[in-house]
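S.K.: Residue numbers (this note's numbering), protein chains in the order written: chain U, 1 to 117; chain F, 1 to 483; chain S, 1 to 100.
No lab work stands behind these hints: they were computed from the structure.
In this text, a Cβ means the ideal position worked out from N, Cα and C, and glycines have one as well.
One or more hints might be untrue.
As the list claims (entries may be wrong) - Looking from chain U toward chain F, a few residues come up when the C-beta cut is under 7 Å (computed): (1) 89; (2) 103; (3) 107.
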Amino acid sequence: MLEYVAIALLIALALVVALAAIGLGYLFGPRKQSAVKAQPYESGINPFGEGTRRMPVRFYLIAVLFILFDIEVVFFLPWAIAFRQLGLFGLIEMVLFIVILLVGYIYAWKKGALEWE
Amino acid sequence: MNLTSQDYQVLAPYILLTAWACVLLLVDLFIPKERKSVTALLAALGLAVTLGVTLSQVGIEQVGFFNMAALDGFSTFVNALLLVSGILGIALAHGYVKRMGIERGEYYTLLLFSVSGMMLMAQATDLIIVFIALELLSIPLYVLAAFARPQLSSEEAGMKYFLLGAFATGFVVYGTALVFGATGTTSLAGIVAAAASPSTSTLLLTIGAALVLVGFGFKVAAVPFHMWTPDVYQGAPTAVTAFMASGAKIAGFAALLRVFATAFPALAVDMTAVLWALAALTMIVGNVIAISQTDIKRMLAYSSIAHAGYILMAFVPYGNPAVRDVSIAAGLFYLVAYAFTNFGAWGVVIALEKKEEKGLAIADYAGLGRKHPLLAAAMTVFMLSLVGLPPTLGLVGKVYLFRAVIAGGFTGLAIIGVLTSLISAYYYLRVVVTMYMKEGEPETVRETWLSLTTALTAIVTVVFSLLPQSLFEWASTAVLKLF
Amino acid sequence: MIPVEYYIILSAILFAIGVAGVLVRRNALIIFMSIELMLNSANLAIVAFSSVLKSFSGQVFVFFVIAVAAAEVAVGLALMVEIFKAKHSIDVDQMNSLKG
Chain U
1 MLEYVAIALL
11 IALALVVALA
21 AIGLGYLFGP
31 RKQSAVKAQP
41 YESGINPFGE
51 GTRRMPVRFY
61 LIAVLFILFD
71 IEVVFFLPWA
81 IAFRQLGLFG
91 LIEMVLFIVI
101 LLVGYIYAWK
111 KGALEWE
Chain F
1 MNLTSQDYQV
11 LAPYILLTAW
21 ACVLLLVDLF
31 IPKERKSVTA
41 LLAALGLAVT
51 LGVTLSQVGI
61 EQVGFFNMAA
71 LDGFSTFVNA
81 LLLVSGILGI
91 ALAHGYVKRM
101 GIERGEYYTL
111 LLFSVSGMML
121 MAQATDLIIV
131 FIALELLSIP
141 LYVLAAFARP
151 QLSSEEAGMK
161 YFLLGAFATG
171 FVVYGTALVF
181 GATGTTSLAG
191 IVAAAASPST
201 STLLLTIGAA
211 LVLVGFGFKV
221 AAVPFHMWTP
231 DVYQGAPTAV
241 TAFMASGAKI
251 AGFAALLRVF
261 ATAFPALAVD
271 MTAVLWALAA
281 LTMIVGNVIA
291 ISQTDIKRML
301 AYSSIAHAGY
311 ILMAFVPYGN
321 PAVRDVSIAA
331 GLFYLVAYAF
341 TNFGAWGVVI
351 ALEKKEEKGL
361 AIADYAGLGR
371 KHPLLAAAMT
381 VFMLSLVGLP
391 PTLGLVGKVY
401 LFRAVIAGGF
411 TGLAIIGVLT
421 SLISAYYYLR
431 VVVTMYMKEG
441 EPETVRETWL
451 SLTTALTAIV
461 TVVFSLLPQS
471 LFEWASTAVL
481 KLF
Chain S
1 MIPVEYYIIL
11 SAILFAIGVA
21 GVLVRRNALI
31 IFMSIELMLN
41 SANLAIVAFS
51 SVLKSFSGQV
61 FVFFVIAVAA
71 AEVAVGLALM
81 VEIFKAKHSI
91 DVDQMNSLKG
């Protein structure tokens, strides 16, 4: 239990310092609102249009394909960890798995899901 | 750590069908748009070959893939039925999708994937595999339900099916998690062993089993988890509905059967009461609401809910070893009867359906008896079978079911079954009356495969009812070694 | 070491929030997010159980749940985009073109 006291102290201290910094600035700092200041910050580039504007649906297709192929990586992780114990059997199984993924990839390709225009 | 040829033999039909579907997905890319019949033919061929492999495995009893899948009489029986359903589904769909302008090769590939998921479901002896199979059969069905896009009703049907199906999946997964926590294993055999030991938490196990039951209740459309059924069945393309109504039900009940009968016999005391209530509610609600329907697709949807109730009756005595076998065999027999009748009835609906969802009101069937006597006769057979009147498979199925349920000591449930069947006679026979007694000029389409399917299912429905013994014996031997 | 009960209680709470979300919310996207919450609460429970039971089959199960959830996302979002294109809304209460 005792070892947590230090952590509790640290958290308390961090809270005090953070609140103090914000509070002091709030109390003593000058406050001048202007139109430029109220603008959303976009890495130094002047913002144009709404932040929540619509995206072309094309992005959605790419995103969905990305999710599908990305998530399949979860099966590579356990395979990579047990690679040595599994030996040739594991390798063949993984090749099979990738071939099945490839079927989906070729399908998406041939259907034109990867074309941008 | 290696797989032997025995492992591959266990899942041979499933592997064959999945590989075929993958290849077909690619082959279809090179088939020109106006020749998609080739894809349909190839898909049907794949199902037929798989059916051959399945039938060649009759009598083999094996487990494989580290006890995660089993090949036994039960799986062979169910798989054969599923493959026949798949073939009938393609035969119904082939002309329909062309006529409705939604012919795409993916239809057949998705159907194959769905059938392969259903087959895996019947063979699964591990909750992980049950889950994967459940998703493999469901996800293609969500897409198929929305296949008539951009038609809004079909898209909405797909959306509703998807949301409710995913909701059900959530219950199955959480239930599986709790069962896993209670027993420390996901294998059905391991669960039975763990349930027997006193250190296992019965509370956790019961809650887990109940959640799994809720999930499957959604899948097979049991009341009170049936809300999606009428909308989805109505909105989905009719050929998809026909396949969904039989295939998903067969697979759902197969999994329910395997999971509950083999893994949770220890919970029979609690579960029997729950299943009793589910079965009774499903029969009553399905049949009563069906009365007021004027759309044939919605009526058949409620009829499908009601039949889920009848099949659920077979599960009620599952904790009683004396009648368990005969009761589950009766359930399997009823599934066969329902599958054939169902495909036939939907086939007639497809024959009368026109573009833009016309020709789907029951009133549109007026005059069919005079204009197309054969089609009307077939529809009469299917309606009689759904009520459970002679000379049809539906009657035999109900007799076996009620007999088993009474033998199990649930006379009250059997009485509810008989009474609701009487109610159902009203709305099924109304279709027959409309066909023969009312005047009208119904238009039908003539398609070779559609007519063949309707004729075949009508003949099966009548002929097998005259010699049901062999089919029932097959079902009984299928169940025999399940426990 | 946090007792396993805490994880299970947390997962049960998350599951209940998910179920409530599905039943209460009317936006299809949020309903779907609630369903994902249900799946992930189950994942949490499975991982907690398998760390207590020293069993790997639970962790493998979680991998499958994650992968399958991704497949569901793909199909579900595709359906939502299609419906949104047609109706400019994915409110499930407005999906009423099917009525008997």
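S.K.: Verify the interface restraint on residue 103 of chain U: the C-beta must sit less than 7 Å from at least one C-beta of chain F.
M.R.: 5 Å, holds
S.K.: Should the interface hint for residue 107 of chain U be scored as holding, given a Cβ-Cβ cut-off of 7 Å against chain F?
M.R.: OK, holds: residue 107 of chain U within 7 Å of chain F, min 6 Å.
S.K.: Does residue 89 of chain U pass the interface hint, meaning its C-beta sits closer than 7 Å to a C-beta of chain F?
M.R.: With Cβ-Cβ at 5 Å, under 7 Å, it holds.
The earlier numbered hints are all upheld by this structure, with none contradicted.
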